[in-house]
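Construct the entire structure; sequences and hints are all you get.
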Amino acid sequence: MPPRTVMSRAAAAAAVLALGTTLLAATPQPGAAAAEPEPVNDYCRAQCDDILTPGENGNATLVEILGNKAFGTHPAHSDDQLDRYNGLVAGHTALTDKKLTDFFNDASFGVPKDRVESVISPRADVTITRDRATGVPHIKGTTRYGTEFGAGYAAGQDRLWLMDLFRHIGRGQLTSFAGGALANQGLEQQFWPMAPYTEADLEAQVAYIRTHEGPRGEQAMADAQAYVDGINAYREKAKNGRYFPGEYVLTGKIDAITNVGEIQPFKLTDLISIASVVGGQFGGGGGGEVQAALSLLAAQQKYGVAEGTKVWESFRQRNDPETVLTVHDGTAFPYADKPGKARGTALPDAGSVTVEPLVHDRTGSAGTDRKAPVKAPANLKKAQGIYDDGVIPEGALPGSGPGAQQRGMSNALLVSGAHTAGGNPIAVFGPQTGYFAPQLMMLQELQGPGISARGVSFAGVGMYVQMGRGQDYAWSATSAGQDITDTYAIELCEPDGSAPSKDSTHYLYRGTCTAMETLERTNSWKPTVADSTAKGSYRMQVRRTHYGIVTHRATVDGKPVAYTSLRSTYRHEADSITGFQMFNDPGYVKDAASFQRAASNIDYAFNWFYADSRTAAYYNSGMNPVRAAGVDPALPVKAERAYEWKDYDPAANTAAYTSFAEHPNSSGQDYYISWNNKQAEGYSAAGFGFGAVHRGDLLDDRVAKLVAEGGVTRASLTRAMAEAAVTDLRGEQLLPELLKVIRSRPVTDPGLNGVVQQLESWRAAGARRAENGAGSHVYAHADAIRVMDAWWPRLVEAEFRPGLGDDLYQALTAALATDESPAASHGASGAHSGSAFQYGWWGFVDKDLRTVLGQPVKGPLARTYCGGGDLGGCRDALLTSLKEAAAQPAAQVYPGDDTCKAGDQWCADAIVHRPLGGISQKTIHWQNRPTYQQVVEFPAHR
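Residue numbers for the sequence shown follow this note's numbering, so the first one is 213 and each next one is one higher.
Hint data in this document are derived by calculation from the structure and do not stem from the laboratory.
Don't take every hint at face value.
In silico DSS-like cross-links for lysine-lysine, where the CA-CA straight-line distance does not exceed 27 Å [what the hints assert, rightly or not]:
{"id": "1", "residue 1": "Lys917", "residue 2": "Lys310"}
{"id": "2", "residue 1": "Lys311", "residue 2": "Lys917"}
{"id": "3", "residue 1": "Lys1070", "residue 2": "Lys522"}
{"id": "4", "residue 1": "Lys594", "residue 2": "Lys1113"}
{"id": "5", "residue 1": "Lys310", "residue 2": "Lys325"}
{"id": "6", "residue 1": "Lys1113", "residue 2": "Lys583"}
{"id": "7", "residue 1": "Lys451", "residue 2": "Lys281"}
{"id": "8", "residue 1": "Lys553", "residue 2": "Lys771"}
{"id": "9", "residue 1": "Lys281", "residue 2": "Lys583"}
{"id": "10", "residue 1": "Lys594", "residue 2": "Lys1070"}
{"id": "11", "residue 1": "Lys550", "residue 2": "Lys514"}
{"id": "12", "residue 1": "Lys522", "residue 2": "Lys850"}
{"id": "13", "residue 1": "Lys952", "residue 2": "Lys1095"}
{"id": "14", "residue 1": "Lys479", "residue 2": "Lys451"}
{"id": "15", "residue 1": "Lys451", "residue 2": "Lys593"}
{"id": "16", "residue 1": "Lys771", "residue 2": "Lys514"}
{"id": "17", "residue 1": "Lys593", "residue 2": "Lys583"}
{"id": "18", "residue 1": "Lys514", "residue 2": "Lys1070"}
{"id": "19", "residue 1": "Lys522", "residue 2": "Lys553"}
{"id": "20", "residue 1": "Lys550", "residue 2": "Lys325"}
{"id": "21", "residue 1": "Lys550", "residue 2": "Lys917"}
{"id": "22", "residue 1": "Lys449", "residue 2": "Lys479"}
{"id": "23", "residue 1": "Lys850", "residue 2": "Lys771"}
FRET-style restraints, in silico, Cβ to Cβ [stated by the list, open to error]:
{"id": "24", "residue 1": "Lys522", "residue 2": "Gln1022", "range": "12 to 22 Å"}
{"id": "25", "residue 1": "Lys1113", "residue 2": "Ala920", "range": "40 to 50 Å"}
{"id": "26", "residue 1": "Gly978", "residue 2": "Asp715", "range": "14 to 24 Å"}
{"id": "27", "residue 1": "Gly966", "residue 2": "Pro324", "range": "51 to 61 Å"}
{"id": "28", "residue 1": "Gly284", "residue 2": "Gly1081", "range": "52 to 62 Å"}
{"id": "29", "residue 1": "Asp882", "residue 2": "Arg751", "range": "54 to 64 Å"}
All C-beta atoms, glycine included, are put in the ideal place defined by N, C-alpha and C.
Structure (structure tokens):
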């Protein structure tokens, strides 16, 4: 049992008493009259703002979808936050506190009578009031059950189709549900192997929460059931009333004329399935040890074992002394570091690694994009083929698409009251979850017994507000990505004692030859109006072991093994529900310390930030397993008892976990920033890319300056965020060093010198990717930006490939891509995704160039690469690559796609809200910014 769930009898009794009122109020007695909701205190006093682009409403009837396709019209509240969100790009420079609501919603509790758009009561014990400005549901219940029922009903109103999509993605059944488009095939093939479950597995997780999480676990499942009941109530009414989402018609689920067909009922296990997708996207961490091992072997092959290991470690940067930190006061939280002498490491034999096959028995269009359009009725022609590229285009979800990292985005800026104009902490923070129409999250306000909050929740798991504000506090999160996933090398065997092969389906588990468990999904599809992909099918198969899911096969010291991935949160996809319950409970969260305790009940790897009128605080959550002494978490380890997690029990996938105090945490620091950077000293990075330059520097430098000046306001902190959101990390952080190398001697080529001058002018102007006038769709310093986009991949290769050699360079770039510019079609969530500069070789370039320049470097690379360490040679390499880049025309740098013409630089960067349903949105200016964002300053406290 995880330590966080262990409680004494006295503590358990106290918890039961504390929750007794809400437990008894869970289900009202038949015929009970509805009481008036209790008045709600709001201590923010109009100083809490938020925004969720493009809008709250994510459902559209068939008529509304056809209107969007034919005339560009939009359903009410589906796009009314888009222009304000986009407007901050041009409007941030003159931003004041009074102007914040030009770009954000007023996030005060409740709806004034003169701003009410509608009020409904799906049950006698709950009302759903929607405001006229944004259509956000304000749910007030007189019973706990009614409150949660209302939350589910509102979720059905706003995200029914999206929730249906995600429960099928989680179950590995997307193609059977929505069509066989190649992107749909790819999406389910990436997500299902991360969390493959049988229905019995999902039911077991529901039971585990009820039986292992105490009274709060029981209450959580009662709340979840009420939420599901609310979804189903809306589902039935919408179906019978014929105002259900039109995508059900376009995908062949319901007949538009006869209304024959069904929207399948939701159940509790669907919530577990959806939670697995959300957690896998944003709350995972670690893994990738096989790829790390391959890059280590490449280094050892080139330099020898000792020197190769030293070179590899210098690129791996587990604890780089120059990297930006969230806890920057020197407090260390040692975790997952390299052991002094590693035990049990299981590196593969060279050339032996193969990927475990996933897809079998393909028929028809499986593995292809072959189309066979149906004959659509005339009135549906405008919507034909809306899903031909998939319901979620390839790479659009963080963690999907070839080579994409599994974690994404989000940022946070908090300043303590000692440095603000009002004397209260200020926070500007939010999750950066990609751009979709509708958004993956929905805004809501929940007020009922034991619940008082406004904010966002992921659609389908919105029993509680997951990020938002309470009566006198606000909170948010960023993806943390610490190492909660390990790779084990299980020794293969045959039950009859014969010699095993790499294809064997049995393995040694604590000395016994044990069969792997086979999990399968068979999916089939046929063309519909929405998806013209021709008829096809396939079977997905994974092998599950006591050490996780098989991902690769190899040999280690000549013996056949399978590599498995073991994630601490596997089989615990929704256990975090109790932590979210606490966040929403004003009787539990009363200050920073109680919030941090609540956050410790979140199992996924997140950085949690908190602000009230007195304190800004931080806590890093996650089920961090306690590893055996000497195990190197960055590399595969032998699947032997001596190297297992402490107290590991495979039946429920439980182990011993690090204590509350061992997680990075802080309260009252002068300021906090997070942009998925390293948390604290000693808290080892779970992957490559946490070096001397990180996109977190874009925030840290600006907030540190504000704090030094003092008198920080909500507007000034928002300006710092907005300025960083349009700044090119390479231009701000790397270009000065590149120019120092180049200017170490005069540039005699007049044309090339002119290019250098353009780059210098751009850097002097702030290295921003912003229009030369609002709405111009043309960047200021456009040529310099084009040159940088063309130059960066060339200069990295020119700087490092000659010294590393082809094999090692390729292995390291497979572990960490060199670039993630806004115009790139790769990265955490593909092209037009907003998020940029999270993954790249910025830190490597920085350290190498400073070494060449003779500047001090803490934690340098093991060798110097640019020009072999010679300044003149480095300069020549940079100038040669720069000349090539400058000659590349815009049409090649920005080759064009379905959204943009070739050569359109602004459009190549621009954000596209990927349609998850039938409604599309206009393209907006690039911003590297949260998709839901709060600006808060509480002037008072309970």
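Evaluated hints:
1. Distance restraint check for Lys917 and Lys310: the Cα-Cα separation of roughly 23 Å lies within the 27 Å cut-off, and the hinted pair is therefore satisfied.
2. This hinted pair checks out: Lys311 and Lys917 have alpha carbons roughly 23 Å apart, not beyond 27 Å.
3. With a C-alpha separation of about 15 Å, the suggested pairing of Lys1070 with Lys522 holds against the 27 Å cut-off.
4. This hinted pair checks out: Lys594 and Lys1113 have alpha carbons roughly 23 Å apart, not beyond 27 Å.
5. The straight-line distance between the Cα atoms of Lys310 and Lys325 is roughly 23 Å, inside the 27 Å bound, and the hint therefore holds.
6. The straight-line distance between the Cα atoms of Lys1113 and Lys583 is roughly 25 Å, inside the 27 Å bound, and the hint therefore holds.
7. As the CA atoms of Lys451 and Lys281 are separated by approximately 23 Å, the hinted pair is consistent with the 27 Å bound.
8. The straight-line distance between the Cα atoms of Lys553 and Lys771 is roughly 23 Å, inside the 27 Å bound, and the hint therefore holds.
9. Our distance criterion of 27 Å between C-alpha atoms is met by Lys281 and Lys583, whose separation comes to about 21 Å.
10. A C-alpha spacing of about 60 Å is found between Lys594 and Lys1070, which places the hinted pair above 27 Å, so the restraint is violated.
11. Of the pairs offered as hints, the one joining Lys550 and Lys514 holds, with about 22 Å between alpha carbons and a cut-off of 27 Å not exceeded.
12. Restraint check for Lys522 and Lys850: the C-alpha separation of about 23 Å stays at or below 27 Å, so the hint holds.
13. Between Lys952 and Lys1095 the CA atoms are separated by roughly 17 Å; this keeps the pair inside 27 Å, and the hint holds.
14. About 17 Å separates the Cα atoms of Lys479 and Lys451, which keeps this hinted pair within 27 Å; it holds.
15. In summary, the hint linking Lys451 to Lys593 is supported, as the alpha carbons are separated by about 23 Å, within the 27 Å threshold.
16. Between Lys771 and Lys514, the direct Cα distance comes to roughly 24 Å. Compliance with the 27 Å bound is thereby established for this hinted pair.
17. Of the supplied pair hints, the one linking Lys593 and Lys583 holds, its CA atoms being roughly 16 Å apart against a limit of 27 Å.
18. Restraint check for Lys514 and Lys1070: satisfied, since their Cα atoms lie roughly 25 Å apart, inside the 27 Å limit.
19. Taking the CA atoms of Lys522 and Lys553, the gap is near 14 Å; set against the 27 Å cutoff, the hint holds.
20. Distance check on the hinted pair: Lys550 and Lys325 sit about 60 Å apart at the alpha-carbon level, beyond 27 Å; violated.
21. For the suggested pair Lys550 and Lys917, the alpha carbons sit about 35 Å apart, so the restraint of at most 27 Å is broken.
22. Taking the CA atoms of Lys449 and Lys479, the gap is about 17 Å. The hint holds against a cut of 27 Å.
23. A C-alpha spacing of about 12 Å is found between Lys850 and Lys771, which places the hinted pair at or below 27 Å, so the restraint holds.
24. In this structure, Lys522 and Gln1022 meet the distance hint of 12 to 22 Å, their C-beta atoms being roughly 20 Å apart.
25. Between Lys1113 and Ala920 the beta carbon distance is about 45 Å. The supplied range of 40 to 50 Å therefore holds.
26. For Gly978 and Asp715, the hinted distance range of 14 to 24 Å is not satisfied, since their beta carbons lie about 57 Å from each other.
27. Between Gly966 and Pro324 the Cβ separation comes to about 59 Å, which falls inside the hinted range of 51 to 61 Å.
28. Distance hint check: the CB atoms of Gly284 and Gly1081 are about 58 Å apart, consistent with the given range 52 to 62 Å.
29. Roughly 56 Å separates the CB atoms of Asp882 and Arg751, a value that falls within the hinted 54 to 64 Å.
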